[in-house]
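13 is the number of the first residue of the sequence shown in the numbering used here; add one for each residue after it.
Among the hints, a few may not be true.
Said to hold, decoys possible - Here are the simulated DSS-like cross-link-like pairs (lysine-lysine), alpha carbons at most 27 Å apart as the crow flies: (1) Lys-434 - Lys-466; (2) Lys-522 - Lys-434; (3) Lys-723 - Lys-702; (4) Lys-65 - Lys-98; (5) Lys-434 - Lys-516; (6) Lys-522 - Lys-581; (7) Lys-466 - Lys-702; (8) Lys-522 - Lys-468; (9) Lys-466 - Lys-516; (10) Lys-522 - Lys-595.
What the hints assert, rightly or not - Label-pair restraints from in silico Cβ distances: (11) Ser-81 - Glu-572: 50 to 60 Å; (12) Thr-579 - Val-68: 26 to 36 Å; (13) Pro-284 - Ser-81: 25 to 35 Å; (14) Thr-39 - Lys-434: 20 to 30 Å; (15) Glu-665 - Val-231: 41 to 51 Å; (16) Thr-509 - Thr-39: 43 to 53 Å; (17) Asp-203 - Glu-350: 18 to 28 Å; (18) Val-526 - Val-576: 34 to 44 Å.
These are calculated hints, taken from the structure and not from any lab test.
Heads up, the beta-carbon is just placed ideally off N, CA and C, and yes, glycines get one too.
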Amino acid sequence: MSTLVFALLLLALWVSNTTTNTWRQCTDLVPLDLLSFVLEKDTSKLVPGLRMKQAVGVRGVKFLSPDTSMSFPSSQLLVNCDLFPKEFSIVLTLKITRIPPKRNEYVFSLLEPNKEKKSAAEEKKGIFVGKEEKSLVKGEQQKGKKQVRSNEEPGRIILGLKMSRKHLHFLFKAGSETVESWVFRGIQLDDNQWHTLVLAVGHDRMRLTVDCGSPLENVPSRPFPSDLNFQGSRFHIGSRGRWKGLFSGLLRQLVLVPGSDATHHICPSSDPQLATLSVPPLLLDLPIRPRKDDKHMTSYETEERVSVGLERLCSELLEGQLWFNPVKKGLYLCDGSEWVTVLEDHKRLDYVWEHQVLTTSSETHDIEVFQVPGIGLMAAMAHRSPSSGSAIYLWTHSGFQLYQNISTYGALAWRHFSLGKKVYLVVSNSGARADKHLNKVSAAESSVIYKWSKRKKNFVRFQTLQTHCAQDWEAFNINQNAYLAVANHRQGNNNHTINSVIYKWNRSTKSFEVHQMLPTSGAYDWEFFTVGPYHFLVVANAFDGVTTSVNSVIYVWVNESFQVFQTIKTFCATDWEMFQIGKRVFLVVANGHRLHGNGLSQYTINSTIYELDMSAQLFVRFQDIVTYSAVDWEFFSLGEEHFLVVANSYNGESYSLNSILYRWQGYEGFVPIHWLPTIGCSDWEFFSFKGESYLMYSSAKAHLSKVFKLKTY
């Protein structure tokens with residue numbers, strides 16, 4: 013029996029070690045703006061449970077209740093990892109009037125999932141709430157008292173920051189039943205002044221900097237754990253998820269900075285009490301100077317003299333009122349009849365509106381928009397269904413109209429290119445061709461190059477190339493030579509580790525011939541770009557037959573062929589998009605989902621922007637953006653502004669999702685500004701025609717495509 017017990021103990025120890033070793037540490041994360049994450053879901057209004065207030069010309073948010081809108085799963089920000097960073101900083105700017113003695117208020121908390129289960133009777137009671145009980149809860153909330161207890165009580169704390177009258181408490185889970193508290197004592201912050209704090213947490217010490225002053229250091233007896241697991245947890249901003257401990261002050265900035273002490277990012281500062289790392293756009297400074305005859309006004313009335321929104325009417329009652337438009341970033345003063353511009357930003361994107369809905373003959377996986385000289389603007393759509401073929405559309409005064417239909421076989425992508433004055437299209441066929449005469453299916457898969465015929469005013473078949481479930485073509489030129497790269501996804505049903513091919517145009521034979529073969533793993537996309545004298549080609553590798561966690565590869569052109577330049581870990585990479593802002597060079601990858609073996613797929617996943625570091629000669633991580641089975645990125649510029657739009661296709665439950673338009677904000681990177689409802693979105697294309705700008709998306713799950721017009725001002 014003792015031998016059996018010993019064996020079981022060894023087995024349990026092995027399982028424990030094996031499990032621990034599989035947890036992934038959060039590393040290489042960019043600063044995470046917790047406050048912007050909840051405020052920027054709709055920049056035209058505040059989320060429930062909040063109110064915007066202004067004090068001393070500076071804006072902050074006031075917490076009215078522990079509303080669920082100020083809570084979100086940690087997995088939405090801390091993606092692709094399980095263990096909290098070993099070292100990090102918390103940057104916050106706040107203003108506290110007074111904290112009563114013996115009271116603690118939470119700036120934020122990270123809580124475990126509630127493991128308590130409801131009984132059947134309790135569930136029924138929770139669903140059918142009577143009018144009297146509803147009114148009771150409402151009344152309690154209005155009085156600011158404790159919320160009626162329910163079985164939705166938040167779980168235990170994993171991490172948190174709370175304040176008392178003279179103390180700052182940093183809390184973390186130190187064991188299965190233990191919560192450790194590191195305390196800075198004698199910190200007087202409830203003086204009705206704005207303060208900026210940087211709390212830097214390391215393994216065995218903690219440092220606090222207030223208003224860029226001399227740092228205070230705390231060396232506790234117990235170190236911060238390196239295996240703090242946060243799976244299934246939720247962030248709560250301004251509370252612990254309940255009325256008790258609700259933050260009573262104003263909060264302006266709350267940023268989690270993994271991996272480093274953020275003090276040097278914001279200090280020294282010309283205004284240390286308001287030192288800024290990342291402040292939500294809705295909380296931009298709007299200084300107010302009351303008129304001489306307004307001395308009788310209360311502070312509450314003074315704070316409300318600036319309104320925020322997309323539309324406001326100016327009247328005599330609002331004379332002297334300031335209005336801030338968060339989209340235009342314009343400040344206006346009401347003179348009694350109309351709004352007078354005080355400050356206004358450059359011309360920029362105003363809004364996106366639906367211009368055309370195209371009913372297609374099949375689901376569409378890709379759109380290629382291009383010009384044919386003498387004909388006009390065209391769009392080639394890759395239709396999945398072989399029976400309907402793929403369609404070529406021509407732009408008219410009312411939008412795209414069907415122009416030509418081409419026989420394709422599971423078409424996944426089109427690519428347009430030119431050789432001299434001649435125009436070509438190449439299609440990626442993922443299926444085998446059906447032979448109508450022999451009533452059978454050809455075993456060989458092939459993709460086809462089509463050439464524009466000026467005489468027929470149509471695209472005609474030009475050359476056929478053997479491919480293997482082709483996902484994408486890329487056309488490019490190097491040293492006046494034309495090349496085509498095909499992304500071969502798999503051969504047969506299971507072999508994903510195969511060669512993709514680079515073809516070169518042979519001027520003598522007037523055809524494309526094999527130039528180079530490159531090993532790929534479930535290749536989905538090629539992207540070619542040039543930086544100075546160097547030519548690059550990056551492949552999106554999606555699957556190796558076992559896992560979607562594979563390396564995508566950046567190649568550089570050396571001695572008439574492509575050589576490996578850098579490998580980057582991706583997760584079912586489906587698209588790369590290169591873009592430049594000024595002299596800065598970026599690459600953004602669309603990560604589809606995480607999958608290993610027979611496990612469950614994770615569709616909520618970070619897609620990542622990388623920036624070329626010229627000194628290190630590498631692309632380094634710049635920004636992570638949460639996406640939902642992303643399949644495409646599209647970059648474009650309007651005036652001085654730069655944008656990215658992502659094709660979100662699936663979240664694990666639904667294909668009806670918002671694809672999101674992001675705007676470049678400099679140090680903050682790209683921030684979301686528009687949410688566009690899409691169904692199984694598979695591709696975005698930006699194009700301009702006669703001075704107007706448009707976005708077009710295709711659906712891989714519905715027989716439609718949509719054109720959106722971009723309204724600027």
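Evaluation of the provided hints:
no. : hint                          : result
1   : Lys-434 - Lys-466             : holds (9 Å)
2   : Lys-522 - Lys-434             : holds (12 Å)
3   : Lys-723 - Lys-702             : holds (14 Å)
4   : Lys-65 - Lys-98               : violated (35 Å)
5   : Lys-434 - Lys-516             : holds (16 Å)
6   : Lys-522 - Lys-581             : violated (39 Å)
7   : Lys-466 - Lys-702             : holds (24 Å)
8   : Lys-522 - Lys-468             : holds (20 Å)
9   : Lys-466 - Lys-516             : holds (25 Å)
10  : Lys-522 - Lys-595             : violated (38 Å)
11  : Ser-81 - Glu-572: 50 to 60 Å  : holds (58 Å)
12  : Thr-579 - Val-68: 26 to 36 Å  : violated (51 Å)
13  : Pro-284 - Ser-81: 25 to 35 Å  : holds (32 Å)
14  : Thr-39 - Lys-434: 20 to 30 Å  : violated (50 Å)
15  : Glu-665 - Val-231: 41 to 51 Å : holds (47 Å)
16  : Thr-509 - Thr-39: 43 to 53 Å  : violated (28 Å)
17  : Asp-203 - Glu-350: 18 to 28 Å : violated (41 Å)
18  : Val-526 - Val-576: 34 to 44 Å : violated (20 Å)
Taken one by one, the earlier hints fail for this structure at numbers 4, 6, 10, 12, 14, 16, 17 and 18, listed in ascending order.
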